[in-house]
Amino acid sequence: MNNTAIAPTPAEGWRWKQPSVIPGFGIAFGYTIVYLSLVVLLPLGALVLRASEVGLSGLVAVAFEPRVFAALRVSFGVSAVAAVVASIFGLLVAWVLTRYDFPGRKFVDAMVDLPFALPTAVAGIALAALYAPNGWVGAPLAALGIKVAYTPLGIFVALVFIGLPFTVRTVQPLIADLDRELEEAAATLGASRAQALRQVLLPPLAPAVLTGLALAFARAVGEYGSVIFIAGNLPFVSEIAPLLIVIKLSEFDYTGATVIATIMLALAFVMLFAINLLQAWSRRRFGHG
Amino acid sequence: MKTCIQARLLGRLPAAGLVLGMLAAPVLIAGCEPAVAQTAILNVSYDPTRELYRDINKAFAESYKKQTGEEITVRTSHGGSAAQARTVIDGVDADVVTLGIASDIDAITKATKKIPANWREKLPNRGLPYTSTVVFVVRKGNPKDIKDWNDLVKPGVQVITPNPKTSAGARWNFLGAWGYALDKFGNDPAKAKEFVTALYKNVPVLDTGARGSTITFAQRQLGDVLPAWENEADLILKEFGNDKFDIIVPPLSIQAEPPVALVDGNVDKKGTRKIAEAYLKFLYEPEAQAIIAKHRYRPVLAEAAKGDLAFPSVKTFEVEKLLGSWDVIQKEYFESGGVFDQIYAVARSAK
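These protein sequence lines map, in sequence, to chains A and B. Counting with this note's numbering, you get residues 13 to 301 for the letters of the first sequence. Counting with this note's numbering, you get residues 41 to 391 for the letters of the second sequence.
Calculated directly from the structure, the hints in this document are not laboratory data. It is possible that part of the hints are untrue.
[To be verified] Restricting the straight-line Cα-Cα distance to at most 20 Å, the calculated cross-link-like pairs of lysine to aspartate or glutamate (DMTMM-like) are:
#, chain 1, residue 1, chain 2, residue 2
1, A, Lys260, B, Asp130
2, B, Lys153, B, Asp367
3, A, Lys260, B, Glu372
4, B, Lys98, B, Glu317
5, B, Lys334, B, Asp274
6, B, Lys346, B, Glu327
7, B, Lys150, B, Asp367
8, A, Lys260, B, Glu375
9, B, Lys187, B, Asp283
10, B, Lys150, A, Asp265
11, B, Lys153, A, Asp265
12, A, Lys118, A, Asp189
13, B, Lys233, B, Asp381
14, B, Lys371, A, Asp265
15, B, Lys310, B, Glu110
16, B, Lys150, B, Asp133
17, A, Lys260, B, Asp367
18, B, Lys231, B, Glu372
19, B, Lys346, B, Asp274
20, B, Lys162, B, Glu360
21, B, Lys180, B, Asp191
22, A, Lys260, B, Asp381
23, B, Lys150, A, Glu263
24, B, Lys153, A, Glu263
25, B, Lys233, B, Glu372
26, B, Lys361, B, Asp228
27, B, Lys355, B, Asp188
28, B, Lys334, B, Glu102
29, B, Lys334, B, Asp95
30, B, Lys371, A, Glu263
31, B, Lys314, B, Glu110
32, B, Lys153, B, Asp133
Work out the full structure: start from the sequences and follow the hints.
This is the structure we're talking about:
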């Protein structure tokens, strides 16, 4: 990567590299490309290459096999709902942790990260134990006729659990930066509490909430360890797409596994891209972030 | 002698390699030890043999030292049977494999040729130093009165068994039910399919492995009956208390066959053939057979299971004699679109 290699285009000049006062673009960019290729592109490329054996029509055919379709619907549907719920409550948690001071705040703050640190299988087993019909939470719910463990609801619980830290951590610094004066100004100018919340507080937070949502969603779609112990794994009901991949691998069907993985990858990319667009829009709209 | 090609190549790469090198060098150098004749062998096994092989490995090391004066160690790795087979296919240098089902060893044969196709003939009893059979673990006092396979399809009985797609143990349960149904309904596969479909309608949770099902049944208290291998059933009673569960032995059951084999391709490369062969031979000797019986696998050597260690008598059938080779069984029943998939497709369209 050489600075002189790309001559600046004359006239009004779109240039692929904006001139910068910070030196070292060449080496930094080179490092980025090598690193990304090695860590991200190479494995994903191998995946797609293997899956491409069946061709595009093959991919589509697999995606619409009833069982695969059902699993994809469970995976993406439950993940989306869980990410939204985790984001709403994550926002609340972030707000409480930054805006209020209370004894044990640091402790609670550290606790938020635990779902990151815990091996997912441990989380899954713990949640299954709690929400099983004989568990501490599961038993009273079962008495009310609500089954959580071994149903799609169980998947939802696990995904909310692992998704919680994302929004908290993306929103927290923004809340800390928010000027309290803005709220006070809103109040003195006659805004009600609800108006201040809707028009002054939430707009600048929106892009960060969406980032957290996207991260939580991406994590949830690929989640295996914590879900598998609480899902019940019944085909067409509570079978998640990553389990189908594991099933294919158990059959030594590497191609079949990569095909489902590629479908998941494509779907996840589309959804993340949509979230990104939404984020860009909200950033333009509210000029913050 | 293996040379460090990677390291030499790295030296020749120009500037860009520097970045690459910084990232990858520790990994490559660590993987670059010279191949000396090794005294450690690796036994790639499946999940429920953890306790068994801990004892056998110790006994073997002692016995080998007594005979040859050499100090050796046996390491064993455990996991789902198919996942373990896959690690060998993907390059784990196992010296011997001791898996849960013959089709997993066949898979290694097909994918790598590291195990000869006639591995069954290389060891006594088709490579089976021990077998087991499927019995039923029920709640204490057997409240649902379960005595035989046909009690598992009764409405209102919940059966806990893992997914045969991901669990070798579950495949034995499936085939046990299938064999029972063939026997009962005059070898009519359509009837057998009906029977097994009814059985899986009673399954509320499909765990991915046998131990998962054990936890669901014993710890979560879900379900009325857990079909399990004798050794696993015994372990459940030991772990969770025999005041909570009973073991019911059905009159007819399947002979579960977890086979062992030498990984020829690896032992020659590592220079461990002698130890690995001695290890497999040891499994058939009285000392190991006694350990096997103690862990409630049925030893091939009948004398090993006398007195306290005697097993309840049960009529068993060999699945290959009933349904053909594992290739056929795997394809017809468990692969994509096979009988197991059809069961769920039917159950769904009936809704």
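For each hint, the structure was consulted:
With a C-alpha separation of about 16 Å, the suggested pair Lys260/A and Asp130/B falls inside the 20 Å cut-off, and the hint holds. Only pairs whose Cα atoms come within 20 Å are accepted, and Lys153/B paired with Asp367/B is accepted, the gap being roughly 16 Å. Between Lys260/A and Glu372/B the alpha-carbon distance is near 16 Å, which keeps this suggested pair within the 20 Å criterion. The suggested pairing of Lys98/B with Glu317/B holds, with an alpha-carbon distance near 16 Å, which does not exceed 20 Å.
With a CA separation close to 11 Å, the supplied pair Lys334/B and Asp274/B stays within the 20 Å bound. As the CA atoms of Lys346/B and Glu327/B are separated by approximately 14 Å, the hinted pair is consistent with the 20 Å bound. For the given pair, Lys150/B sits about 11 Å from Asp367/B by alpha-carbon distance, which is consistent with the 20 Å threshold. Straight-line distance between C-alpha atoms of Lys260/A and Glu375/B comes to about 9 Å, which keeps the hinted pair within the 20 Å bound.
Between Lys187/B and Asp283/B the alpha-carbon distance is near 19 Å, which keeps this suggested pair within the 20 Å criterion. Of the pairs offered as hints, the one joining Lys150/B and Asp265/A holds, with about 13 Å between alpha carbons and a cut-off of 20 Å not exceeded. Taken as a hint, the Lys153/B and Asp265/A pair is honoured in the structure, with Cα atoms around 17 Å apart against an allowance of 20 Å. The straight-line distance between the Cα atoms of Lys118/A and Asp189/A is roughly 18 Å, inside the 20 Å bound, and the hint therefore holds.
This hinted pair checks out: Lys233/B and Asp381/B have alpha carbons roughly 12 Å apart, not beyond 20 Å. Straight-line distance between C-alpha atoms of Lys371/B and Asp265/A comes to about 12 Å, which keeps the hinted pair within the 20 Å bound. Between Lys310/B and Glu110/B, the direct Cα distance comes to roughly 17 Å. Compliance with the 20 Å bound is thereby established for this hinted pair. With a CA separation close to 17 Å, the supplied pair Lys150/B and Asp133/B stays within the 20 Å bound.
This hinted pair checks out: Lys260/A and Asp367/B have alpha carbons roughly 17 Å apart, not beyond 20 Å. Proposed proximity of Lys231/B and Glu372/B is supported: the alpha carbons are some 16 Å apart, at most 20 Å. Note on Lys346/B and Asp274/B: the hinted pairing holds, with a Cα-Cα distance of about 17 Å set against a maximum of 20 Å. At roughly 18 Å between alpha-carbon atoms, Lys162/B and Glu360/B fall within 20 Å of each other, so this suggested pair holds.
A threshold of 20 Å between alpha carbons decides the hint, and for Lys180/B with Asp191/B the separation of about 16 Å falls inside it, so the pair holds. A threshold of 20 Å between alpha carbons decides the hint, and for Lys260/A with Asp381/B the separation of about 13 Å falls inside it, so the pair holds. Taking the CA atoms of Lys150/B and Glu263/A, the gap is about 13 Å. The hint holds against a cut of 20 Å. Simply put, Lys153/B and Glu263/A have alpha-carbon atoms about 18 Å apart, close enough for the 20 Å limit, and the pair holds.
Of the supplied pair hints, the one linking Lys233/B and Glu372/B holds, its CA atoms being roughly 12 Å apart against a limit of 20 Å. For a cut-off of 20 Å, the pair hint linking Lys361/B to Asp228/B stands: about 16 Å separates their Cα positions. Distance check on the hinted pair: Lys355/B and Asp188/B sit about 12 Å apart at the alpha-carbon level, within 20 Å; holds. Among the hinted pairs, Lys334/B with Glu102/B is consistent with the structure: their alpha-carbon atoms are about 19 Å apart, no more than 20 Å.
Annotation: proposed proximity of Lys334/B to Asp95/B holds, straight-line Cα distance about 10 Å (limit 20 Å). The straight-line distance between the Cα atoms of Lys371/B and Glu263/A is roughly 10 Å, inside the 20 Å bound, and the hint therefore holds. Our distance criterion of 20 Å between C-alpha atoms is met by Lys314/B and Glu110/B, whose separation comes to about 12 Å. Among the hinted pairs, Lys153/B with Asp133/B is consistent with the structure: their alpha-carbon atoms are about 13 Å apart, no more than 20 Å.
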